Amino acid sequence: MMRLPWVIETKTERSTSAPLIAPFAAVAITVCAGVIILSILGVSPGKALFFLYFAPFSSGFNISEVFLKMGPLLLIAQGLAIGFRAKVWNIGAEGQLLLGAIGGSLLPIFFNDSQNPLMLPAMALVGGCFGMGWAAIAAWLRARYNANEILVTLMLNSIALQLLFYLVSGPLRDPLGFNFPQSALFPDVGMLPILFSGFRVNISIFFAIGVSLLAWLFVERSMTGYKLEVGGTAPDAARYAGFSEARAIWLSLLIGGTAAGLAGVFEVAGPLGQLQRVVSPGYGFAAIIVAFLGGLRAIGILFAAFFMAVIFVGGDIAQTSAGVPFSVNIVLQGILLVTYLAARVFVDYRVRFGTRRRIPAGAG
Amino acid sequence: MDTLTFLLSGTLLAATPLLIAALGELVVEKAGVLNLSIEGMMALGAAVGFIVVSNTESYWLAIFIGGLVASALSVVFAAVVLLTLGNQVATGIAVGILGLGLSALIGQPYESMTVAPMARLPIPLLSELPIVGRGLFDHVAVVYLAPLLAVAVWFMLMKTKLGLIVRAVGESPESAHAIGYNVNAIRFAAILFGGFMAGVAGAFISVASTTLWANGLIAGRGWIVVALVVFATWRSGRIVIGAYLFGAATIGELLVQSFGLAIPSQLLTSVPFIATIIAIVLLSMDGRSIRLNAPVSLGRVYHVTQ
Numbered sequence: 048m049m050r051l052p053w054v055i056e057t058k059t060e061r062s063t064s065a066p067l068i069a070p071f072a073a074v075a076i077t078v079c080a081g082v083i084i085l086s087i088l089g090v091s092p093g094k095a096l097f098f099l100y101f102a103p104f105s106s107g108f109n110i111s112e113v114f115l116k117m118g119p120l121l122l123i124a125q126g127l128a129i130g131f132r133a134k135v136w137n138i139g140a141e142g143q144l145l146l147g148a149i150g151g152s153l154l155p156i157f158f159n160d161s162q163n164p165l166m167l168p169a170m171a172l173v174g175g176c177f178g179m180g181w182a183a184i185a186a187w188l189r190a191r192y193n194a195n196e197i198l199v200t201l202m203l204n205s206i207a208l209q210l211l212f213y214l215v216s217g218p219l220r221d222p223l224g225f226n227f228p229q230s231a232l233f234p235d236v237g238m239l240p241i242l243f244s245g246f247r248v249n250i251s252i253f254f255a256i257g258v259s260l261l262a263w264l265f266v267e268r269s270m271t272g273y274k275l276e277v278g279g280t281a282p283d284a285a286r287y288a289g290f291s292e293a294r295a296i297w298l299s300l301l302i303g304g305t306a307a308g309l310a311g312v313f314e315v316a317g318p319l320g321q322l323q324r325v326v327s328p329g330y331g332f333a334a335i336i337v338a339f340l341g342g343l344r345a346i347g348i349l350f351a352a353f354f355m356a357v358i359f360v361g362g363d364i365a366q367t368s369a370g371v372p373f374s375v376n377i378v379l380q381g382i383l384l385v386t387y388l389a390a391r392v393f394v395d396y397r398v399r400f401g402t403r404r405r406i407p408a409g410a411g
Numbered sequence: 309m310d311t312l313t314f315l316l317s318g319t320l321l322a323a324t325p326l327l328i329a330a331l332g333e334l335v336v337e338k339a340g341v342l343n344l345s346i347e348g349m350m351a352l353g354a355a356v357g358f359i360v361v362s363n364t365e366s367y368w369l370a371i372f373i374g375g376l377v378a379s380a381l382s383v384v385f386a387a388v389v390l391l392t393l394g395n396q397v398a399t400g401i402a403v404g405i406l407g408l409g410l411s412a413l414i415g416q417p418y419e420s421m422t423v424a425p426m427a428r429l430p431i432p433l434l435s436e437l438p439i440v441g442r443g444l445f446d447h448v449a450v451v452y453l454a455p456l457l458a459v460a461v462w463f464m465l466m467k468t469k470l471g472l473i474v475r476a477v478g479e480s481p482e483s484a485h486a487i488g489y490n491v492n493a494i495r496f497a498a499i500l501f502g503g504f505m506a507g508v509a510g511a512f513i514s515v516a517s518t519t520l521w522a523n524g525l526i527a528g529r530g531w532i533v534v535a536l537v538v539f540a541t542w543r544s545g546r547i548v549i550g551a552y553l554f555g556a557a558t559i560g561e562l563l564v565q566s567f568g569l570a571i572p573s574q575l576l577t578s579v580p581f582i583a584t585i586i587a588i589v590l591l592s593m594d595g596r597s598i599r600l601n602a603p604v605s606l607g608r609v610y611h612v613t614q
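Chains A and B, in that order, are what the protein sequence lines are.
With this note's numbering applied, the first sequence corresponds to residues 48 to 411, in that order.
With this note's numbering applied, the second sequence corresponds to residues 309 to 614, in that order.
Keep in mind that the hints were calculated from the coordinates and are not lab data.
Computed from a predicted structure; not experimentally measured.
In this text, a Cβ means the ideal position worked out from N, Cα and C, and glycines have one as well.
Zero decoy hints are in this set.
Among chain A residues calculated to face chain B with C-beta under 8 Å, some are:
#: 1; residue: Ile-55
#: 2; residue: Ala-194
#: 3; residue: Leu-198
#: 4; residue: Val-199
#: 5; residue: Phe-212
#: 6; residue: Phe-332
#: 7; residue: Ile-335
#: 8; residue: Ile-377
#: 9; residue: Arg-391
The following block holds chain A by itself, in its conformation from the complex (with noise of 0.2 Å):
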């Protein structure tokens, strides 16, 4: 029988130091792996690590960039981690995250003169809600059919892509723009502010930070957030309370569903300024990674999101320095999520290395 070098015991108590390591872990062995695989390619080490972790920091312009990619990715981690933290597996934020950008596009598309300056509060609530629709879709067929969330979600992200591709190819693309299949450009009022001329970082990073701090307050503080995560950790205790399965369901997968459509319409209304065929570099997913990496808590998910952008940046700037792939990025996240999980056995269970001891069978 196959016998491994270490065992894998079930713990008795938490510690509050432990749970750091496996996002450390994950992260110094991702950075390792970033420097490998560009050395891979031709890169030298050096070049490599400076790129992908240094170079985001190097310039105002890098930093900005940094920022920019960070806010979407933590508004969507907070509204996600929420679900999982029930065991509502969202892994549509990427699909609400178009239908947001698609909402949040219609306004001033339609009202492209308009100068009224409740146009970007009114983008917000639209593509908001078209997000939160969308989720809808997944949470109304769990509640009521008992249909599996995540086959449904992921289905919808398929769907939503191709929505948008009909969208900007036909009904909202620009009637001016040489048959681009992309729409007008929005106008000023619809436009996020900025937060230093010449720079592209604008302030929905704060808003992300905002909300971060309200998914803190609602995760740590409220009776919701309680309710939602007792029915994730011990759905017996949680229906015994009586606390509502569905209402779980559908709150998870509503919060979640606004916070990809917020982070659409930030897209659209900030570093696009119009509806495109390509609204998202992966924002969707990447943010389950930033939620996960992040241990499920607004405040680890805050860091997440930071070095999740950091690769992002960085592995722009290998591409256009160095000339990688853009994938380099996608492996980067992949790893970062594998090694952030394995590395968890360090957190939820006692290893012990070495040893042959049999102690008794039945725990776990």
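Given the coordinates of chain A, work out where chain B should sit on it, guided by the hints.
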């Protein structure tokens, strides 16, 4: 080529990779493990297969190596969920992202390139049949092998001792362990098999179906595979039926082209995804069919302390 031949042959080509990958995932889930990384493993198999054909022009080698490399990626998944007791949903997504990234990375020099199609193997006499002959019996060999593979997987799972052990591990890992089976070793083997099949399916798509490599080639097929196993309620026979139905759904685009209808192509591309949602809902409405058929320990972390 007449329309019917076109549609039949399109259906078989689209259904074959779904069937192959779903049979692999069936074995994995029967052993109690939910592997959501199929999309990434198919993508990796597709990229590797395409690269092998471009360099060696050997299609069988390409399909085999595509399977092997995807299987190697599934070792990562197996290690995290079995050795470090990682959450299966999250780990599946993580390894899936890794596979998609790796496929895009290694496939980048081959982006938008094409290869000559794999040689077809028309079945004597049958392919001469009127009306359906060309559509059903003039294909690459893999298309005929896929349903035979389904029979083999059914036989292995339901009629052999090995299958009984796999099912026991999926239904009650504690009992299987108690009577002396190594639950992790069996699950490891099942995951490797599932990875191999996903890689083969992906390689089939790039070297025999599209004969082209482009990033994003798999385009959600891996997720349809996962859904297919669920709404086939973990039965090989229904997976076969489901795969061919979905194969038919994915060729809506060809159908409309051949009749010249003005339906947006994006709607047609969405049809399989919409159909998947409807199928899951219809199946889930009657909760019993899932509860009765799902492997009991599916997705649960199994922790043995000796």
